[in-house]
Amino acid sequence: MTAVLAAQGLIKSFGDLIAVNGVSFEIAEGETFGLLGPNGAGKTTSISMVAGLLEPDNGTVHVAGTQIRTNSTNGRSDIGLVPQEIAIYPDLTATENLRFFGRLYDMPGETLDKRVEEVLEVIGLSERQDDLVSEFSGGMQRRLNIGIGLLHRPRLLILDEPTVGVDPQSRNAILESVEDLSGEGIAVLYTTHYMEEAERLCDRVAIIDEGVIKAEGTRRELVSLVGEKDRIRVTVTGDLVEVARVASELPAVHEASPADSGVDVLANDASSVLPELLSRVAATGANVTGVAVSEPNLEAVFLHLTGKALRD
Amino acid sequence: MGAATRIAGKDLKLRVRDRSAFIMGIVTPLALAYIFHLVFGGTFSEEALDLQVGLVDLDDTQVSQSLGEALSGLEAEGVLVLTDFDDTASAEASVEDGEIGAYILLNQGLGAAAIQGQPFTIEVVGDVDSQTTTQVTSSIASEFGSAIERSQLSVTTAIALGQPPPPDELAIWGEEAALRPPAFTFVDVSADTRQLDANTFFAAGMAVFFLFFTVQFGVVGILEEKQGGTLARLLAAPISHTSVVAGKAILSFALGLISMTVLIVATHYLMDAEWGPPLGVALLVVAGVLAATSIMGVIAATATSADGAANLGAIIAVILGMLGGTFFPIGQGNDFLARLSYLTPHAWFMRGLANISGGAEWTEVLPAVGALLLFTLVFGTVAWVLLQRKLTR
Ligand SMILES: Nc1ncnc2c1ncn2[C@@H]1O[C@H](COP(=O)(O)OP(=O)(O)O)[C@@H](O)[C@H]1O
Ligand SMILES: [Mg+2]
Numbered sequence: 001m002t003a004v005l006a007a008q009g010l011i012k013s014f015g016d017l018i019a020v021n022g023v024s025f026e027i028a029e030g031e032t033f034g035l036l037g038p039n040g041a042g043k044t045t046s047i048s049m050v051a052g053l054l055e056p057d058n059g060t061v062h063v064a065g066t067q068i069r070t071n072s073t074n075g076r077s078d079i080g081l082v083p084q085e086i087a088i089y090p091d092l093t094a095t096e097n098l099r100f101f102g103r104l105y106d107m108p109g110e111t112l113d114k115r116v117e118e119v120l121e122v123i124g125l126s127e128r129q130d131d132l133v134s135e136f137s138g139g140m141q142r143r144l145n146i147g148i149g150l151l152h153r154p155r156l157l158i159l160d161e162p163t164v165g166v167d168p169q170s171r172n173a174i175l176e177s178v179e180d181l182s183g184e185g186i187a188v189l190y191t192t193h194y195m196e197e198a199e200r201l202c203d204r205v206a207i208i209d210e211g212v213i214k215a216e217g218t219r220r221e222l223v224s225l226v227g228e229k230d231r232i233r234v235t236v237t238g239d240l241v242e243v244a245r246v247a248s249e250l251p252a253v254h255e256a257s258p259a260d261s262g263v264d265v266l267a268n269d270a271s272s273v274l275p276e277l278l279s280r281v282a283a284t285g286a287n288v289t290g291v292a293v294s295e296p297n298l299e300a301v302f303l304h305l306t307g308k309a310l311r312d
Numbered sequence: 001m002g003a004a005t006r007i008a009g010k011d012l013k014l015r016v017r018d019r020s021a022f023i024m025g026i027v028t029p030l031a032l033a034y035i036f037h038l039v040f041g042g043t044f045s046e047e048a049l050d051l052q053v054g055l056v057d058l059d060d061t062q063v064s065q066s067l068g069e070a071l072s073g074l075e076a077e078g079v080l081v082l083t084d085f086d087d088t089a090s091a092e093a094s095v096e097d098g099e100i101g102a103y104i105l106l107n108q109g110l111g112a113a114a115i116q117g118q119p120f121t122i123e124v125v126g127d128v129d130s131q132t133t134t135q136v137t138s139s140i141a142s143e144f145g146s147a148i149e150r151s152q153l154s155v156t157t158a159i160a161l162g163q164p165p166p167p168d169e170l171a172i173w174g175e176e177a178a179l180r181p182p183a184f185t186f187v188d189v190s191a192d193t194r195q196l197d198a199n200t201f202f203a204a205g206m207a208v209f210f211l212f213f214t215v216q217f218g219v220v221g222i223l224e225e226k227q228g229g230t231l232a233r234l235l236a237a238p239i240s241h242t243s244v245v246a247g248k249a250i251l252s253f254a255l256g257l258i259s260m261t262v263l264i265v266a267t268h269y270l271m272d273a274e275w276g277p278p279l280g281v282a283l284l285v286v287a288g289v290l291a292a293t294s295i296m297g298v299i300a301a302t303a304t305s306a307d308g309a310a311n312l313g314a315i316i317a318v319i320l321g322m323l324g325g326t327f328f329p330i331g332q333g334n335d336f337l338a339r340l341s342y343l344t345p346h347a348w349f350m351r352g353l354a355n356i357s358g359g360a361e362w363t364e365v366l367p368a369v370g371a372l373l374l375f376t377l378v379f380g381t382v383a384w385v386l387l388q389r390k391l392t393r
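Chains as they are written, first to last, in the working numbering: chain C, 1 to 312; chain U, 1 to 393.
Next up, chain U with everything else stripped away, as it sits in the complex:
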């Protein structure tokens, strides 16, 4: 391996002098991530984090108060900001002023209707300009509504069994059922649906997108040596063919690792990107760089010239990057695209990162790391074989 590291070291020197790897691996992704952060970062995070929700509780029973408590719980978790209103008019005014995005109206008689199994309504009034807030508020309201319905059902079932409970107990059943915390999907967010905040998304998206361009500067070196005639010298030297290929792979890996590390640190300090627990991020980055190196290795092996490899590599990197959701989150509302995106290492990288963002355990990254290592195994083997063969023909 001495020869491999010597070749990699020589190439690293050349790449440093050439500066294009530096521009591709660090300057461009950092600049783009920062621009995205400036342009979209603000609006993204406000929408996602500052849901301004109002509550008008005209019923004021134990049942209706349970919604208020649930909303307060969400407020404590930072999901939304809750404002209580005494009447509909003041809530309406607040929506019009843009202070809140939507409010929930609980009319008088809700608690009684809930206990007696009568029909009831819960109203949600939202601002057309605050679609996200309105949607989230509606889903909270309908969750609450179904919770009440479920409790009514259990009461009805009990009656149907021929053992009508005493009326006061009946009331308690209904209340207890309604009081059960509604299963809001984002209260206990499962790993599948966790999202990166906007800043981290742009930072990670650009980093992994450009990673595929950066690692090219290693493996494409084989084609450059071939075109420059120096490959003959390497092959004539008392070193094995594998060490030539290994040298290029080592350089790809090193360039990828350097660029990712610099980008992670820089975006953390420049634009508050939260990459997550260091161990998890490190595993993900190593696996991601390996996968990128393998795929670009296959491209270098199939291209006939360094320029050809760069062009083909760029096309593949853009397609995979788009499909993998490095520019915009993919697949929301489109299951097919979402499933398709997992054919790209990019999607696994972004997913792995989302899984460990927001204070989760580093082990949550393991499925994504496994997937990336699978990419490495498949494409890496093909690249290894093809590149060796490319040396002598």
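Chain C on its own, in the form it takes in the complex:
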């Protein structure tokens, strides 16, 4: 796999504030990479440097092998940017917005017409394509905001908190369309402060706080990194102490203890231990009435790494 994006040692200060302090990461074709961090962590500053909007004090950005600079247009056609703020013209229609930005990418007339139609389809705005954007709901505007970033078929799509302030339905539509992108081989850089979004969408996640990437990897890598375990709550009637003893004998089980109306089991990987665990419990003669698995999430990882909650 070749890296579509390679960001190396990015540093950016605003006066005394070091907003981004040595951020590096790579994204491969078809991969969705998440930058997860609270407000003010340096996500927007990082991607502004990646998109060539902001000159880094130090460090380099290469997209498909081309270095991105603020004062050069080289490599920019490979990047699609979906800014955090909705960046569209309210007094133009959806089609006019798409066509205007498409022309800035020198898309020839016929290709552009076809692509505009396609994108309108993807973002579900075909019916409203000739309405002024100012008449759109917030969710529709968000979708158009994303559509413009996709229009010129970039190899790298950067989405900066694209679901902020969106109703649940539109949010789901947005997440689904992002999920589809990796299938098309697009490298996606997705920033968010929503842990669930990072978990759902991203193949790899970097946890960023105060301008520094604290940890990076798949969800499971991050979770194991901090030693967090899956929690299995088995609801049983019978001898709880005996059930707990049997469970803790399993090698994959870290700890098992009786709790109200059941037993709590901590294990490294719930799904692999569950069949064995349940058959052992059944063998004690206890009657299992329910099983609930809670995997440690990135929220817990973030808390562990930074000592603070993701959302204040």
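Since the hints were derived computationally from the structure, they do not count as laboratory data. Careful: at least some of the hints might be erroneous.
[Said to hold, decoys possible] From the structure, some residues in chain U lie toward chain C, with a derived Cβ separation under 7 Å:
(1) 3
(2) 6
(3) 10
(4) 12
(5) 14
(6) 17
(7) 230
(8) 232
(9) 233
(10) 236
Glycine included, C-beta positions come from ideal geometry on N, C-alpha and C.
Could you slot chain U with the ligands onto chain C? The hints should help.
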């Protein structure tokens, strides 16, 4: 430049939909110019063009008749309307009836006194309600008086040189001197003092005053893109930073040009504004729009928000407009203000227009065009640099 014109085209579409540029650039100046034309247009032009002057020549010599001829010449040029009276009483009555604003009385013996180097008087009687006419008439009379005095002086000089000319020749000298056309300042109006007629003044004044508001709709667009977040998209696209600034400047220029053209044509047909030779007017308008765009570009570059730029721009536009004499002719009788006014593009625009109004050659506009281009060079350079910098911070 493809990207710049695309940005300008997109903005033009937005401005057309928004309509505020249309209101600022065309409706408001046209309405105001028309109102001024209705309220002041009549009185202005009567005062300026229809000076009703009477002449009572009781002397009836060659010397006194020369004034009558000079006044007839002015009448032929349309500067005044001359009425001859046989006696003082009828002239007096005509002033009282308001038929004439003032008259000149040449008493018997003027011609003889002029030739013999004796003291003489020329009387001007005017209506208090016709101050302008009275003033103009007085200055004509005193010019005539000094012409006679100059001729007396040359006679006296000749005598002093010890070669007294023969008396009949002396008489001829005196007469010839008196007959020389008096150097009335408004007979051969120099470019510096040419004035626009009232209708053209109001039309041009309002047009150039509102031009500064109109061009703002272009350059302020940079701040709007920034606030609206779309600037990030423009900067992320494979287009140069200069084309973003150029796009806004092109729109400013286009809006200014459109509004000026519409106003020139509309005021010409609606209120008889005479803008002058088309080539001269075109040069002046292009230079004026460029200067306005540059100055408003500097304001957009120094403001922190689109509203801030609009407010600051309005203040600057009003100050420059007032000082530049777009509402009322500035500096008459006040040299300091007059000189100060040339620090504004407005004054140069109005002056350039005055220079080519009334059938002068279009080349008379060139000094004003040069001055406006100097404004463009200075402010345009500053705006260009500052606006580029504004993009990335
Ligand atoms: N243009 C700027 N000038 C000064 N400070 C800035 C600027 N942009 C961002 N910052 C500061 O840098 C830090 C990181 O901001 P940002 O990258 O926007 O964070 P995030 O996108 O993760 O919320 C914040 O403290 C923010 O206030
Ligand atoms: Mg941000």
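>> I'd like to know which numbered hints this structure contradicts. Please list them from smallest to largest.
In response: 4
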